[in-house]
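Now for the letters of each chain:
Number of protein chains: 2
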Amino acid sequence: MRLAHIFVMLIVWMTVALLPASSAATQKDALPSWNDGPTKQAIIDFVAKVTSEGGTEYVAPAERIAVFDNDGTLWAEQPLYFQFLFAIDRVKALSTQHPEWKDKEPFASLLKGDLKSALADGEHAIVELITATHSGMSTEEFRGIVQDWLATATHPKSRKPYTQMVYQPMLELLAYLRANGFKTFIVTGGGIEFVRSFAEETYGIPPEQVVGSSGELKFQLRGGTPLLEKLPAVDFIDDGDGKPVGIQMHIGRRPIAAFGNSDGDLAMLQWTCAGGPAHLCLFIHHTDGEREWAYDRASEIGKLDKGLDAAADNGWTVVDMKNDWRQVFGK
Amino acid sequence: MRLAHIFVMLIVWMTVALLPASSAATQKDALPSWNDGPTKQAIIDFVAKVTSEGGTEYVAPAERIAVFDNDGTLWAEQPLYFQFLFAIDRVKALSTQHPEWKDKEPFASLLKGDLKSALADGEHAIVELITATHSGMSTEEFRGIVQDWLATATHPKSRKPYTQMVYQPMLELLAYLRANGFKTFIVTGGGIEFVRSFAEETYGIPPEQVVGSSGELKFQLRGGTPLLEKLPAVDFIDDGDGKPVGIQMHIGRRPIAAFGNSDGDLAMLQWTCAGGPAHLCLFIHHTDGEREWAYDRASEIGKLDKGLDAAADNGWTVVDMKNDWRQVFGK
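Chains A and B are the protein sequences, given in the same order. Start counting the first sequence at 11; every next residue gets the next number (the numbering used here). Start counting the second sequence at 11; every next residue gets the next number (the numbering used here).
Just chain A, same shape as in the assembly:
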């Protein structure tokens, strides 16, 4: 064997050994909890198109913005939005400090376990409950309260921690998009600080990539130490027509992919899919009453009515949860 041969062989061997990933690894199914079929294929085709350099629908990495609703899209939202279940638990925990709540609605009914009467006053009652439990502390204190709750509270049906009520196929989708150069954002009707308190650990989404509803904040000094106090006043509702507004305020450019599950996400999908040539708009349709819940046009939580019509009119992708997802929750 001549020296030149040894040299060439070593170069070949080292080149292979030092490659970042074998092609077999990159071709592995990145979405194993999605059944094969047109829905999964639509996602894969979209990603292939926008990442193909030189293609007509190529999108530069900086513009690969994907936005995800949270409740009903990344985690479950039945029998009530989890943040509302948190507020109920907080009212109970705080009631000893608020003896006046025994005679004041909506607290009085809630403390008797009568949720229906508590909410009889509609939006006003919800605002009362949210502000009473989401203000009067610093942002850092609030984060601790939510994290303590998430560490101990369990879902009324599954009895699992709420952070285990996330959809395994969506976790795979988030990772798949990020592996393809996308920046993933949450755009939630829920509270921005509530969702941030678990989004990084649960979804791999950092706080600066969470857009949501918010209360007003006030910078002030407490004993010489600066803090941001959460005030009992609504600042912004990131739902419906508010979602494109929240996207513009926080992201400043139009997404190319949007994922939602209710009419509250319709404007976000309209905004996304009115953009450049390459875009993906997707609704998750809750069709699985056995593994999850089945609801759409008539539901009080996560109503999907106009959205289903718009999806049909515009050719958007609709996930049939029962048939498109091999697995709903993680194990």
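One thing to keep in mind: the hints can contain errors.
Not everything, but these chain B residues come out facing chain A in the computed CB check (under 8 Å) [stated by the list, open to error]: (1) GLU218; (2) THR235; (3) ASP251; (4) VAL255.
With a cut-off of at most 25 Å between alpha-carbon atoms, the simulated DSS-like pairs for lysine-lysine come out as follows [said to hold, decoys possible]: (5) A:LYS193 x B:LYS193; (6) A:LYS122 x A:LYS112; (7) B:LYS102 x B:LYS114; (8) A:LYS228 x B:LYS316; (9) A:LYS313 x B:LYS228.
I should point out that these hints are in silico values taken from the structure, not numbers from a laboratory. Yeah, the Cβ is synthetic: ideal placement off N, Cα and C, and Gly gets one too.
Following the hints, put chain B in place on chain A, whose structure we already have.
Here is chain B on its own, set in the frame of chain A:
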């Protein structure tokens, strides 16, 4: 020479050849426009501390958030904030469509070239001028208007395009921090959409990392096409105590480094430097009347008074522009 020796030599050679960067390259001065001295050293020491794994002040990359004021910190702000010069140019350009402005203040004085009388009404006049020139169009239309202006307008003193009035040492600092795993944000009292229109090209800062003052937006359809209309109403003023609020709303975690030049940045620096063990708070002191402008405690633009006292009390870093910067603007 034995085969084993050849093998070892080849591995050594290839390892060296395939290293991403030689140590000589990484040790090159990353801040060539900064004169050697305590200010430059304070920056380098801070970066070394927070990036030293295992050190007591090590900060994980995800937490390496650096925030920069814009006017007077990244680009000049004299004789007037550049966005205000933009508004004046827009009033002139739009005056043919607004014959009523001839008899209406603050427009009438401004159109006669009498800026002092135009601003006699103080804040009210400024709000009038800004809303008249920053609303009534979509966010995308506004971006185009600003970019057209930046492409043609020139600074009244230097006669250079405004985007050449950026500070070369700060461009180097932005790049240096990013090379060390920092995520760099602008936190400006200026308009969020105004600054976004050039921040990515000029500073390498994408729109989702720009925090600023904003007007209200409204999602609506124009001939079936969705757009976000800029309304004539102030939504948020990202200045003074508003800066930590803007940081929390958009970033959701406390920065570890903050750079400003005026009392409007004081709360941002207080918030940053009340955080964990590792932090850097820095004011730029405009001391160079020859190469730039010299102003501080008594200036109407970029007043730095309480900030200078706070810097002395807290041991924050103060850049003496005249002595610390080898070069002010790029060539």
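When the least beta-carbon distance from B:GLU218 to chain A is tested against 8 Å, hint result: holds, 5 Å
Pair hint A:LYS193 and B:LYS193, alpha-carbon separation not exceeding 25 Å: holds, 14 Å
Per-residue hint verdict: B:ASP251, partner chain A, C-beta under 8 Å: Where the cut-off is 8 Å and the nearest Cβ of chain A is about 4 Å from B:ASP251, the hint holds.
Satisfaction of hint between B:LYS114 and B:LYS102, Cα-Cα up to 25 Å: holds, 14 Å
Interface hint status, B:THR235 versus chain A (Cβ within 8 Å): The hint holds - B:THR235 has a Cβ within 8 Å of chain A, the shortest such distance being about 6 Å.
Hint consistency between A:LYS122 and A:LYS112 [alpha-carbon to alpha-carbon, up to 25 Å]: holds, 9 Å
Hint status (Cβ of B:VAL255 to nearest Cβ of chain A, threshold 8 Å): Nearest chain A Cβ about 5 Å off; hint holds.
A:LYS228 paired with B:LYS316 [C-alpha distance capped at 25 Å]: holds, 20 Å
25 Å limit on alpha-carbon distance, applied to hinted pair A:LYS313 and B:LYS228: holds, 23 Å
Hint compliance for this structure: every hint is met.
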